[in-house]
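Those letters in the sequence shown? Residues -15 to -1, 1 to 256, by mature numbering (1 follows the signal peptide of the UniProt record, and there is no 0).
Treat the hints as calculated values from the structure; they're not laboratory data.
Among the hints, a few may not be true.
When the alpha-carbon atoms are kept at most 27 Å apart in a straight line, the in silico DSS-like pairs for lysine-lysine are as follows [to be verified]: (1) K127 - K72; (2) K127 - K69; (3) K33 - K9.
Label pairs and their in silico Cβ distance ranges [claimed, not checked]: (4) G196 - Y121: 56 to 62 Å; (5) D40 - R134: 17 to 23 Å; (6) R134 - L191: 55 to 61 Å; (7) T189 - E63: 52 to 58 Å; (8) T85 - E63: 38 to 44 Å.
Built from N, CA and C at the ideal position, the CB exists for glycine as well.
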Amino acid sequence: MKLLWPILYLGSALAFTIDHSHSKILELPFVPSPNDLIYEVTSSFSIKFSFQNGDLYANDHQFYPPPMTPTLQVPLYEGENQEKPHKTVELAYTLKSQTTHTNKMPTAPDTTHVRVEFLDLQGNLVSPHAVAINLYVDQDGKYKSASFRVEPAHTGHRDNHLSQETQPWVIKYWDGRLDAIKTTVPSSDNENSMDMNRDIVIHTLLGIATGLVGCSAVFLIGYLGRCLWARVQGQKELGRRSQIISEKGTVYEKIPIISEVYATDDSELDV
């Protein structure tokens, strides 16, 4: 149970899968003694997986189907110089396999799941990493491609290499990796969150400033348009007034002169 969190947490960080790969080189940590965990683990060994005649080979040794003697030679790298191997060591390994048949999809290949853990010749586990391999079988029954994934090892106990219990030093190794990631990930998360918050604040301020500038521009354009419209209407009204003829003078001067008409009675004239 103690390995549950390292498996879940480091699964995405340390595990990797390359589907339908015809060759793959894996570099695994090499811990020949639990005392090596006191210091930083700098030793590692590499394995090159490839296909030959439909079988899986590791470092030019037949790997699966497993041979009668499951051993192979691996180059060992020590210290900071990881370009040239320090020496070559012979390792043993344990295999667990299971084949999945895809009868519902005739075109899909069968898959053989293989889990490998590496031991020394005395049966002691030498790497906290196990390798999970998915082998894809073609219609001829030959292996043509594979995917690889790194998992925590749990077998190969130093007192009894057939035990299925997780070794304490493997737990210590994975706990150390988990603690190392916990100390580095939060700082990067904080930096990312600070950068994100800074970007949010900056974008918010820019949005507010843009809104204020836009409102001011709309208000100014509306005010200028209103002034221009009022000016044009005033000029039109002034033009209409200039066409009206106005007469000068007082009110009494504008009273029309009425002509006096005298009428005479002809009957009176005849008398």
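Hints and how they fare:
1. K127 - K72: 34 Å, violated
2. K127 - K69: Not OK: K127 and K69 at ~34 Å, beyond 27 Å, violated.
3. K33 - K9: 6 Å, holds
4. G196 - Y121: 56 to 62 Å: Because 58 Å falls inside the window, the suggested range holds.
5. D40 - R134: 17 to 23 Å: Given range 17 to 23 Å: holds, Cβ gap about 20 Å.
6. R134 - L191: 55 to 61 Å: 46 Å Cβ-Cβ, so the 55 to 61 Å window is violated.
7. T189 - E63: 52 to 58 Å: For E63 against T189, whose Cβ atoms are near 54 Å apart, the range 52 to 58 Å holds.
8. T85 - E63: 38 to 44 Å: 39 Å, holds
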